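Given next are the chains, with one letter for each unit.
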Amino acid sequence: MKTKRTAAIVAALTASVSLPSLAAAEDLTLCWAAWDPANALVELSKEFEAQSGHTMNFEFVPWPNFADRMLNELNSGGKLCDLLIGDSQWIGGGAENGHYVKLNDFFDAEGISMDDFAPATVYAYSTWPKGTPNYYALPAMGDANGWFYRADWFADPEIQAAYKEATGEDLREPQSQKELLQIAQFFQGREIDGKTVYGAAIFTERGSEGITMGVTSALYPWGFKYENTPGSYDMEGAVNSPEAVEALEFYKEFYETATPPGYTNSYMGESLDAFKSGQVAMAMNWFAFFPGLYADPATGGDKIDFFVNPPQNQAASTLGGQGISVVAYSDKQDAALEYIKWFAQPDVQAKWWELGGYSAHNSVLQDPGFVDSQPFAGDFLEAMDAVQDFWQEPAYAELLLAMQKRIHDYVVADQGTAQEALDKLIEDWTETFEDEGKL
Amino acid sequence: MSDGTMDRVAKATPRRVARKIRGLSDRAIAWIFVAPTIFLLLAINIFPLIWTIQLSFTNYRANRIGREVKNIGFRNYERILTDSDIWLNMQATAHFLFWTIFFQVLIGFTLAYLINKNFRGSPFWTTVIVLPMMLSPAVVGNFWKFLYQPQIGLFNYIVSFFTGKDPSSFEMLGQVNLAPWSIVIVDTWMWTPFVMLICLAGLRSIPDYIYEAAEIDRASKLRQFFTITIPMVLPFLMLAVLFRGIENFKMFDLVVQLTGGGPGSTTELTSINLKREAFEKWRTGYASAYAIILFVTVFGLASIYVKALNKVKER
Chain A
1 MKTKRTAAIV AALTASVSLP SLAAAEDLTL CWAAWDPANA LVELSKEFEA
51 QSGHTMNFEF VPWPNFADRM LNELNSGGKL CDLLIGDSQW IGGGAENGHY
101 VKLNDFFDAE GISMDDFAPA TVYAYSTWPK GTPNYYALPA MGDANGWFYR
151 ADWFADPEIQ AAYKEATGED LREPQSQKEL LQIAQFFQGR EIDGKTVYGA
201 AIFTERGSEG ITMGVTSALY PWGFKYENTP GSYDMEGAVN SPEAVEALEF
251 YKEFYETATP PGYTNSYMGE SLDAFKSGQV AMAMNWFAFF PGLYADPATG
301 GDKIDFFVNP PQNQAASTLG GQGISVVAYS DKQDAALEYI KWFAQPDVQA
351 KWWELGGYSA HNSVLQDPGF VDSQPFAGDF LEAMDAVQDF WQEPAYAELL
401 LAMQKRIHDY VVADQGTAQE ALDKLIEDWT ETFEDEGKL
Chain B
440 MSDGTMDRVA KATPRRVARK IRGLSDRAIA WIFVAPTIFL LLAINIFPLI
490 WTIQLSFTNY RANRIGREVK NIGFRNYERI LTDSDIWLNM QATAHFLFWT
540 IFFQVLIGFT LAYLINKNFR GSPFWTTVIV LPMMLSPAVV GNFWKFLYQP
590 QIGLFNYIVS FFTGKDPSSF EMLGQVNLAP WSIVIVDTWM WTPFVMLICL
640 AGLRSIPDYI YEAAEIDRAS KLRQFFTITI PMVLPFLMLA VLFRGIENFK
690 MFDLVVQLTG GGPGSTTELT SINLKREAFE KWRTGYASAY AIILFVTVFG
740 LASIYVKALN KVKER
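Chains as they are written, first to last, in the working numbering: chain A, 1 to 439; chain B, 440 to 754.
Since the hints were derived computationally from the structure, they do not count as laboratory data. It should be emphasised that the depicted structure is a prediction, and the values quoted were computed from it without experimental measurement. Possibly wrong hints are sitting among the right ones.
Unchecked claim - When the alpha-carbon atoms are kept at most 30 Å apart in a straight line, the in silico DSSO-like pairs for lysine-lysine are as follows:
no., chain 1, residue 1, chain 2, residue 2
1, B, K604, A, K252
2, A, K341, A, K46
3, A, K46, A, K79
4, A, K195, B, K584
5, A, K332, A, K351
6, B, K604, B, K689
7, B, K584, A, K276
8, B, K584, A, K252
What the hints assert, rightly or not - Pairwise CB distance ranges, derived in the manner of DEER restraints:
no., chain 1, residue 1, chain 2, residue 2, range
9, A, R69, B, Q590, 30 to 36 Å
10, B, M573, A, S232, 54 to 60 Å
11, A, R69, B, A467, 48 to 54 Å
12, A, E427, B, A482, 39 to 45 Å
13, B, E507, A, E253, 43 to 49 Å
14, B, N510, A, E236, 29 to 35 Å
15, B, A467, A, S76, 39 to 45 Å
Where a beta carbon is used, it is the ideal one built from N, C-alpha and C, also for glycine.
Work the whole structure out from these sequences, hints included.
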């Protein structure tokens, strides 16, 4: 009896002690795209739940609908998401339209320094106006467009000999965009293990952002610029420079001569499928998928290797990745900020990388063991040193859709010339910036 | 209603209400009954239409709540009507509309004519034929995407079987010259049964005695077909064309699933383009003007068509 009474008193005391924290416990919803790193984040967040008493819910939307779904949510002032890992290009709209909470005061109060994160990621994922110390997100997931290939095919002596005979060169990881195309063309239609295989899977998707993310992986290495002078919106001669025209023609040639048949509307999923089914020798995709690819029992392990987007006139990769923001319409901003504070800790960032997320924290990236921690870690670091992003303007969706149309019209539908496509793109973008009052 | 029921209703009506109603004219009572419907119609149809017209003269963007909304007159209309890309979308829509209706009427009427012969097993075949119509456009779009796949798609293999062409040598959804036909084929496959059913209703409404009289007059089968069957089915056929025309003018889901408007903008029908302007680019004012132009086009064409239909009926 006495034992029971003691237990009851202890239980009551425990309850009274823990009640305040229970009362403050919130149900937080974090919104992001539905992909491999999201699963890693769910795993990681369990630690936050245990420490804080808050419950984490997740709203993951497949990539093709992610922008539509989330931007509609923000534009309508929806309260679905307390935290949003939004695409880098949304930062301008998020800041100017008041969708994201400005984090400067919070960072100052909590001692979170942006100097602790890789500068390229802070610039791309957190700041608006670009490069100014006005922060609307914490870099959450570093990412860039990279490449992976069938290492076992590349190492096959017969294939190596055939390549040498066909090109006079050694088969190796491509050192330039043109070598990349040459290798892809070599594999195109080749019989390997009794099966016809193709050169490479590239992005050609029309509906969301696919072909733009793909083509910029060629445009940037050739030296493409959005403006002659940053911030001037002076696009003539930059967007349609001779280098840009050459790069666009290159991408079209790549599409026509080195991709699988029917590859007219393909993005991340199709690229992964083409590679995992043994259809292509190489494929472009975001680094975020690389841990999953390496772990794949059929085409991962020894059969796969990775390389950074090859340079041409310069080294450059298309930026992916996202920052984590607190949604201004959330009623649980304090709890959401608590999550960001927890997420910014070096040990959490280290675990994030361990689980398959791409940390942008210097303590992780500059760790001496980082480069050897994964077979793609070194490539990731190299890529992040030379990333370039699409417009991050509030009107980014309009700018993106214009580019999707002009590039797809030229590359896939074979309409007009590269010069015409880029000239028309300038017209579209000029109209948008005029509407925005920026020109 | 029987007298007994009337009495019961009268007794059940509260006195205060009964007193009030007693003083109302039949017209007023009719208005009371119709008013909720009119109110709903105004709220759901008329008000949004007027608001859309008003927005079409502005630079309003639904995603920029705080931004000043300027009246820009006919600028949106001018932009749309002088935009060569939009005319290409209109052209793609017209191609889709014309050929889907052409094939659906041709095949639908032929099938109805055959089914109407009441051969053995015709009810079974009717059920089989109408199956595609019962499927969701999203499902149809997805499985036709597989059928059109150049490496594993059944469609390419069937074409290859008959023509000897390599199945992976052509891409129904990826080639500019084939993509517009690929969406026509799928829509025809899906909606021909609908036209068939309407034609069947028309064929079954023709009294047998008319054919019997024609037989007595020794009219040939061909003459019976052109002087009895076609004229009597024509109003039904025209109705089917009207329904399919309106439906296909606003076609969205099936084409988005199949091609997403591509390759390039080859199959970007006006409805797809309008959705992009309104809900992806968020140019609300511009999209409103676009919607009004499409509305006027459909409304105008449908009005002319309905007049023609009434004339055919009167004959």
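A quick look at each hint next to the structure:
Note on B/K604 and A/K252: the hinted pairing holds, with a Cα-Cα distance of about 25 Å set against a maximum of 30 Å. For a cut-off of 30 Å, the pair hint linking A/K341 to A/K46 stands: about 15 Å separates their Cα positions. Between the alpha carbons of A/K46 and A/K79 the distance comes to roughly 23 Å, so the proposed pair stays at or under 30 Å and holds. For the hint pairing A/K195 with B/K584, the CA-to-CA distance comes to about 23 Å; that is within 30 Å, so the pair holds.
With a CA separation close to 26 Å, the supplied pair A/K332 and A/K351 stays within the 30 Å bound. About 35 Å separates the Cα atoms of B/K604 and B/K689, which puts this hinted pair outside 30 Å; it is violated. Proposed proximity of B/K584 and A/K276 is supported: the alpha carbons are some 20 Å apart, at most 30 Å. At roughly 24 Å between alpha-carbon atoms, B/K584 and A/K252 fall within 30 Å of each other, so this suggested pair holds.
Our hint of 30 to 36 Å for A/R69 and B/Q590 holds, since their Cβ atoms are close to 32 Å apart. B/M573 and A/S232 have their C-beta atoms about 57 Å apart, which keeps the hinted 54 to 60 Å range intact. In this structure the hint that A/R69 and B/A467 lie 48 to 54 Å apart at CB holds, the actual value being about 50 Å. For A/E427 paired with B/A482, a C-beta distance near 41 Å keeps the hint of 39 to 45 Å intact.
Remark: the range hint 43 to 49 Å for B/E507 to A/E253 is upheld by a beta-carbon distance near 47 Å. Checked against the hint of 29 to 35 Å, the C-beta distance between B/N510 and A/E236 comes to roughly 31 Å, which is consistent with it. Separated by about 42 Å at the C-beta atoms, B/A467 and A/S76 satisfy the suggested range of 39 to 45 Å.
This entry does not satisfy hint 6, going by the numbered hints stated previously; all others are met.
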